[in-house]
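Here is how the chains run, residue by residue.
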Amino acid sequence: MPAKEKTYKCLNPVGIQESVDLFPLAPRLDKNKLDGKTIYISVGAGGEQGLMIPLPRRLQALYPNINWKVTYAAPHRTIAGSIALTEEEMKTADALIRGVVW
Amino acid sequence: MPTLSTYEKAGIPSAFVIFPDQQECWKEAARVVGLPAARYVCESRTIPGHIDVERVIPELMDALTRPLTAEEKARGRWEMPDKRILFEGTLEEAEEFYQQEEIIPNLQNALHSLYTDGLPIVVPTEERVAAMLKGTSHKPNELIVYQEDHRVGDRIFQMGSSGKKGEPVRFMPMRRTATVEKIATIGVMAGCKPEFMPVLLAMAESGGGCGDGRGGSGYCISGPIAREIGMNFDVNLLGPGNRANKSMGRASDLMWRNLGGEIPSVNNCGVFGGPTGNCFPENAEALPPGWKGLNEECGFDKNQNVLVRMGASGGRSGSWMPGQYREFQKSGHSGIARRLGVKGIPGPHNILEYIRSFWVDGEGGFTFFMLPEIAMHMYEYGFKSKDAIYEYMYKRSFMPLKEYRLHSVPDVWTNAWKGIEPTSGKHWMELPEDYMVPACPSPMANCIIVMGAGEEQLPYTGGASRDAYSVDAWR
Numbered sequence: 000m001p002a003k004e005k006t007y008k009c010l011n012p013v014g015i016q017e018s019v020d021l022f023p024l025a026p027r028l029d030k031n032k033l034d035g036k037t038i039y040i041s042v043g044a045g046g047e048q049g050l051m052i053p054l055p056r057r058l059q060a061l062y063p064n065i066n067w068k069v070t071y072a073a074p075h076r077t078i079a080g081s082i083a084l085t086e087e088e089m090k091t092a093d094a095l096i097r098g099v100v101w
Numbered sequence: 000m001p002t003l004s005t006y007e008k009a010g011i012p013s014a015f016v017i018f019p020d021q022q023e024c025w026k027e028a029a030r031v032v033g034l035p036a037a038r039y040v041c042e043s044r045t046i047p048g049h050i051d052v053e054r055v056i057p058e059l060m061d062a063l064t065r066p067l068t069a070e071e072k073a074r075g076r077w078e079m080p081d082k083r084i085l086f087e088g089t090l091e092e093a094e095e096f097y098q099q100e101e102i103i104p105n106l107q108n109a110l111h112s113l114y115t116d117g118l119p120i121v122v123p124t125e126e127r128v129a130a131m132l133k134g135t136s137h138k139p140n141e142l143i144v145y146q147e148d149h150r151v152g153d154r155i156f157q158m159g160s161s162g163k164k165g166e167p168v169r170f171m172p173m174r175r176t177a178t179v180e181k182i183a184t185i186g187v188m189a190g191c192k193p194e195f196m197p198v199l200l201a202m203a204e205s206g207g208g209c210g211d212g213r214g215g216s217g218y219c220i221s222g223p224i225a226r227e228i229g230m231n232f233d234v235n236l237l238g239p240g241n242r243a244n245k246s247m248g249r250a251s252d253l254m255w256r257n258l259g260g261e262i263p264s265v266n267n268c269g270v271f272g273g274p275t276g277n278c279f280p281e282n283a284e285a286l287p288p289g290w291k292g293l294n295e296e297c298g299f300d301k302n303q304n305v306l307v308r309m310g311a312s313g314g315r316s317g318s319w320m321p322g323q324y325r326e327f328q329k330s331g332h333s334g335i336a337r338r339l340g341v342k343g344i345p346g347p348h349n350i351l352e353y354i355r356s357f358w359v360d361g362e363g364g365f366t367f368f369m370l371p372e373i374a375m376h377m378y379e380y381g382f383k384s385k386d387a388i389y390e391y392m393y394k395r396s397f398m399p400l401k402e403y404r405l406h407s408v409p410d411v412w413t414n415a416w417k418g419i420e421p422t423s424g425k426h427w428m429e430l431p432e433d434y435m436v437p438a439c440p441s442p443m444a445n446c447i448i449v450m451g452a453g454e455e456q457l458p459y460t461g462g463a464s465r466d467a468y469s470v471d472a473w474r
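Residue numbers (numbering that gives the first Met the number 0), protein chains in the order written: chain B, 0 to 101; chain X, 0 to 474.
The set of hints was computed from the structure by calculation and includes no laboratory data. Quantities reported herein were computed from a predicted structural model and do not represent experimental measurements. One or more hints might be untrue.
[As the list claims (entries may be wrong)] No more than 30 Å apart at the CA atoms, straight line, and that leaves these computed lysine-lysine pairs for DSSO-like: (1) B/K36 <-> X/K138; (2) X/K301 <-> B/K36; (3) X/K8 <-> B/K30; (4) X/K26 <-> X/K8; (5) B/K36 <-> X/K417.
[Claimed, not checked] Partial chain X-side listing against chain B, Cβ under 7 Å, derived: (6) V52; (7) E125; (8) T184.
All C-beta atoms, glycine included, are put in the ideal place defined by N, C-alpha and C.
Next comes chain B alone, as it looks inside the complex (with noise of 0.2 Å):
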């Protein structure tokens, strides 16, 4: 009878991940109630140009009764860069439209 091949005990290489609290989406806004909201849009650092210069025009147009206010994120791969809302904006915004992410 072969003898039993020796067995090993083998460490564990992956990262620790931390317990993550997960959080529920914010109510969103009556789609019949959108007059007189603000709606901020937030264009993100240095571009999606393409898309991010028609999209304040067009929601204007579309939505003439929200009050649509266009900000433009600080320069790219800085921590302002990310902010897409102040503090004092955020008193006053009922939503929140950010592009491009990346």
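Please arrange chain X on chain B, whose structure you already have, making use of the hints.
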């Protein structure tokens, strides 16, 4: 994503524009920041914006107004328990276990290894890992934390790594942490020796091959430890054959896969994949008189050992073989000499002037991997310090604004020309077209590392990193 998620958490309904091929990366990034159901709309990569906008707008308005589903209203907790022993069995069984692959639908059903870089590994048995741990005085269960304060990149900061002494390093893209024992485990898997451990731990402290989640492009070791552990300083130092250079470089890829949790097109939206794969030594003994080593440039003593991660913008190379560079310096022959107007005049000449169009068009600073031969020519030409070259590169990068506008990257760095031009303090749009602006942001945006041996080649890469991580702190 970490910042953007705060608005939704604060009660502001949000819709984000991304690209179709980034949906899985979006979902993973959203889950890591606790907002797995964050709504998004995909912009086309090919349809012009003024046409695509008609399709995008109804989807955006729907994302802002469609009532939430039960799943989107739910709270919860995402947990992935860590276990120290991953597998128990014979060596043959273990080899098979660590070589497991999974199908990634987003990669056209390509296979991706669960624990390796795709190649077979040395099985990390408890005994082998214990032997590896003898290469450091740090305890196995010690968390990888910053040994000194560091200025980490903004993106890395946002993903949870503060860079502050004593705080944990979070490995991108999944923001995981690691212990000294996990680094030793990876060292075994990569084929490292115990004496490499201080370098591996410094590598982990620097982010472990993960960069901003899309990988780095190599590590330079500056200081005497490179010779102590037998690194190759000579020709082919980026090629195969030297265990220290290769296995430590490989360890960085294994850190990216295991510590960062990297899976292409699932949580990493990179394009070609960061070619980490190499750890190479600076050749401080070959520095021209008065030139500082990389460790000294980073604020350390020349006898101290540091690891510096290179930028991730890919490599380029000037190559003038056979004999063109040599003849240019030796006797003023070759097209290089003709372009620079020194035909028939023996060197030393400034080769950087010949490739000026390369680095100016590259828009930004550069790191040059400079052979000792070229470094000595630059010294003899008149650059008595590296700083003198950095200053020369900065000054030679100036160009009229009308020319600068014809480059690609400034659209981004100037924030679509809405920001402030740094040398004038004025808005970009206010400046006259003939105003001279630098393509290189500052002299210190450049870096020279004297390394290797041989002649006639000058590889370089974008950006300059002087954020050095002490190897000695991890002995």
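Do the hints match the structure? See the list:
1. B/K36 <-> X/K138: violated (57 Å)
2. X/K301 <-> B/K36: At roughly 62 Å apart (the allowed maximum being 30 Å), B/K36 and X/K301 break the hint.
3. X/K8 <-> B/K30: holds (21 Å)
4. X/K26 <-> X/K8: holds (16 Å)
5. B/K36 <-> X/K417: Distance of about 27 Å is within 30 Å: holds.
6. V52: holds (5 Å)
7. E125: Since chain B brings a Cβ to about 5 Å from X/E125, closer than 7 Å, the hint holds.
8. T184: Nearest chain B Cβ about 4 Å off; hint holds.
Violated hints, listed in ascending order, are 1 and 2; each of the other numbered hints is respected by the structure.
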